[in-house]
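Q: The lines below spell out each chain.
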Amino acid sequence: MLKYTEDHEWLKQDGDEITVGITAHASEQLGDVVFIELPEVGREVEAGEEIVVIESVKAASDITAPVAGVITAVNEDLPDAPGAVNDDPLAAWFFRIRPTDADLSGFMDEAAYNELIG
Amino acid sequence: MADLRRTKLYDLHVAHGAKMVPFAGWEMPVQYPMGVMGEHQHTRAHAGLFDVSHMGQVILRGEGVAEALETLVPADILGLKQGRQRYGLFTNDTGGILDDLMIANKGDHLFLVVNAACAEQDIAHLRQLEARGITVTPVTDRALLALQGPQAEAVLERLVPGVAAMKFMDVAEFDWQGATLWVSRSGYTGEDGYEVSVPEAQAVAFAGALLDQPGVAWIGLGARDSLRLEAGMPLYGHDMDAGTTPAAAGLGWSIQKVRRQGGAREGGFPGAETVLGELAEGPARTRFGLRPDGRAPIREGVTLFDASEGGAEIGKVCSGGFGPSVGGPIAMAILPAALAEGDTVWAELRGKRVAVTVTALPFHQPSYKR
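Going down the list, the protein sequences come from chains A and B. Residue numbering for the first sequence follows UniProt numbering, beginning at 1 and increasing consecutively. Residue numbering for the second sequence follows UniProt numbering, beginning at 1 and increasing consecutively.
Hints were generated in silico from the structure; no laboratory data involved. If you're wondering where the values come from, they're calculated on a predicted model, not measured in any experiment. Beta carbons: idealized from backbone N, C-alpha and C, even for Gly. Misleading hints may appear alongside valid ones.
Distance windows between CB atoms, simulated [claimed, not checked]: (1) 307/B with 14/A: 41 to 47 Å; (2) 14/A with 336/B: 34 to 40 Å; (3) 15/B with 81/A: 57 to 63 Å; (4) 118/A with 108/B: 53 to 59 Å; (5) 25/A with 177/B: 41 to 47 Å; (6) 14/A with 344/B: 42 to 48 Å; (7) 162/B with 81/A: 43 to 49 Å; (8) 81/A with 107/B: 54 to 60 Å; (9) 105/A with 205/B: 38 to 44 Å; (10) 23/B with 108/A: 33 to 39 Å; (11) 177/B with 48/A: 56 to 62 Å; (12) 41/B with 102/A: 19 to 25 Å; (13) 118/A with 344/B: 45 to 51 Å.
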C-alpha cells in the first residue's frame with residue numbers, strides 16, 4: 001500500500017526502508033523533466049529537508065525528505081534519463097531512506113490523496 | 001483573472017485543453033496537452049500554430065511617415081521597400097531599448113507589431129509623431145496568428161494560394177473567404193513560417209481551418225520561449241530593457257549603415273550619440289550564448305563568474321532553460337565583450353560553480369526561405 005505526502009510524493013515501505021518517488025499528478029504539473037540531482041547515499045536528513053533537485057522545461061523545484069532518516073540508495077539511472085519521471089512516475093523512484101521512526105500512519109492513503117488533488 | 005484580457009481564440013484554446021496563464025495583462029495558453037517539449041519538437045518537425053493576438057498591431061499613416069518613424073527607431077525605414085518588413089527598436093534618451101518591434105512597408109502606410117507588455121507605452125510614444133502630421137492607429141479588431149515550421153508553407157499555401165512565393169520578411173495581403181489577411185513571412189522560432197493578421201470576426205474560422213490541416217497543432221507560450229531561445233532571439237524585458245543599449249543586447253545589426261556614424265542619415269533618434277558611439281568603438285559588454293556542462297539548466301538571474309572559485313561577477317543569465325532540439329541546457333547573458341567563443345565562465349547554481357562554455361548564437365540554425 002502506497003502512502004502519499006502533501007508534497008505529492010509516494011512512499012512505499014520496503015522492510016525497514018521507504019522508497020520515495022513523485023506522483024503522476026506531480027509529474028504532470030512539473031511538465032517534461034530534464035534534470036535531476038539526487039542526494040548522496042549515507043546522508044542523514046531531516047524531515048522536510050530539500051534533498052532532490054528536479055527541473056522541468058518550465059521550472060526548478062525541490063523534493064523534500066518525507067521523514068528524518070538516512071539515505072540508503074538512490075536511483076542511479078534517473079539523472080541520465082530524467083524523462084522516466086514523466087513516462088512512469090511510479091517506477092521512477094528517487095531514493096530509499098531508513099527512517100528514524102518507521103511509522104507512516106500519519107501520511108495519506110490513496111483515497112485521501114485523490115481527494116487532495118481533486 | 002478578472003482583469004485579464006482574452007483573445008478571440010480563448011474558447012478555442014480551452015477546447016483544445018490549453019493551460020491558460022496570465023501573461024502581459026492577457027490570459028494566454030502556456031501549453032496544451034502535448035506539453036512544452038512535444039510542442040517544441042512538433043514546431044521544428046511539422047507546423048506549430050501560435051496565438052499572438054496579445055501583441056500590439058499599429059498603423060502609421062501620413063506624408064513622410066518613414067522619416068518620422070526614423071526619429072524614434074534607429075533602423076533604416078526610408079530604405080525599406082514596399083512589401084518588406086524589418087526588425088527595429090525604440091530607443092530612449094540614454095540609448096536604452098524601450099521595446100523591439102517589426103516594421104512593414106505596406107505602400108500607403110507602415111504596419112508595426114510591438115510587444116504586448118509594451119503596447120500601451122509604445123502607442124503613447126508613437127503619438128509624438130502626430131505633431132509631424134502622422135496618424136497613429138492601434139489595430140484593435142484583428143487577431144494575430146503565427147504558423148511556424150517546415151510544413152508551414154505547404155499548409156498555408158493550401159488555404160491561401162500565393163503565400164509560398166513570399167520570401168523571408170516579405171509582407172503582402174491575401175483574401176481568405178472574404179477576409180483580408182495581412183501576411184508576413186517571419187516569426188519568432190527560427191523556423192520558416194508566417195505571421196497572419198486576421199479580422200477578429202474570421203479569426204476562429206481561420207484558426208480552425210489551419211488546425212484541420214495535417215501537421216498543424218496549437219503551440220503555447222512555453223514552447224514559444226524555448227524555440228526563440230534556441231534561435232538566439234532576445235525577449236524584451238529579459239535580454240534587453242530600458243537600461244540595455246542595442247550593442248549590449250547584440251542588436252547592432254538592426255541599425256543599418258545609413259543611420260550610423262558617417263551615414264547619410266546618421267543619428268536623429270533618441271540616445272543616438274551613445275548608441276552610435278558604442279557601435280563605432282565596440283561595446284564593453286554584449287550578448288553571448290552559453291552552454292552549461294552537464295544537464296542542469298541555468299535560468300534567468302543565475303550569477304556568472306570569471307573563475308571556478310572566488311573571482312569576479314561578470315553578469316547574470318538573462319534567458320535560460322532547456323533546449324529540446326539542442327538536447328541540453330542553453331542560456332544567454334550579457335557579458336564582457338572581450339570574451340570569445342569557446343571561453344569558459346562559471347555559473348553559481350545552488351551554491352556550486354558549474355562550468356559554462358561561451359558559444360555563438362543561435363544554438364539552432366534557422367531555416368528561413370531567403
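Q: Compare the structure with each hint and give your call.
A: Consistency of the hints with the structure:
{"no.": "1", "hint": "307/B with 14/A: 41 to 47 Å", "in the structure": "holds, 45 Å"}
{"no.": "2", "hint": "14/A with 336/B: 34 to 40 Å", "in the structure": "violated, 53 Å"}
{"no.": "3", "hint": "15/B with 81/A: 57 to 63 Å", "in the structure": "violated, 34 Å"}
{"no.": "4", "hint": "118/A with 108/B: 53 to 59 Å", "in the structure": "holds, 56 Å"}
{"no.": "5", "hint": "25/A with 177/B: 41 to 47 Å", "in the structure": "holds, 43 Å"}
{"no.": "6", "hint": "14/A with 344/B: 42 to 48 Å", "in the structure": "holds, 43 Å"}
{"no.": "7", "hint": "162/B with 81/A: 43 to 49 Å", "in the structure": "holds, 47 Å"}
{"no.": "8", "hint": "81/A with 107/B: 54 to 60 Å", "in the structure": "holds, 55 Å"}
{"no.": "9", "hint": "105/A with 205/B: 38 to 44 Å", "in the structure": "violated, 58 Å"}
{"no.": "10", "hint": "23/B with 108/A: 33 to 39 Å", "in the structure": "holds, 34 Å"}
{"no.": "11", "hint": "177/B with 48/A: 56 to 62 Å", "in the structure": "holds, 60 Å"}
{"no.": "12", "hint": "41/B with 102/A: 19 to 25 Å", "in the structure": "violated, 44 Å"}
{"no.": "13", "hint": "118/A with 344/B: 45 to 51 Å", "in the structure": "holds, 48 Å"}
Hints 2, 3, 9 and 12 from the earlier list are contradicted by this structure; the remaining hints agree with it.
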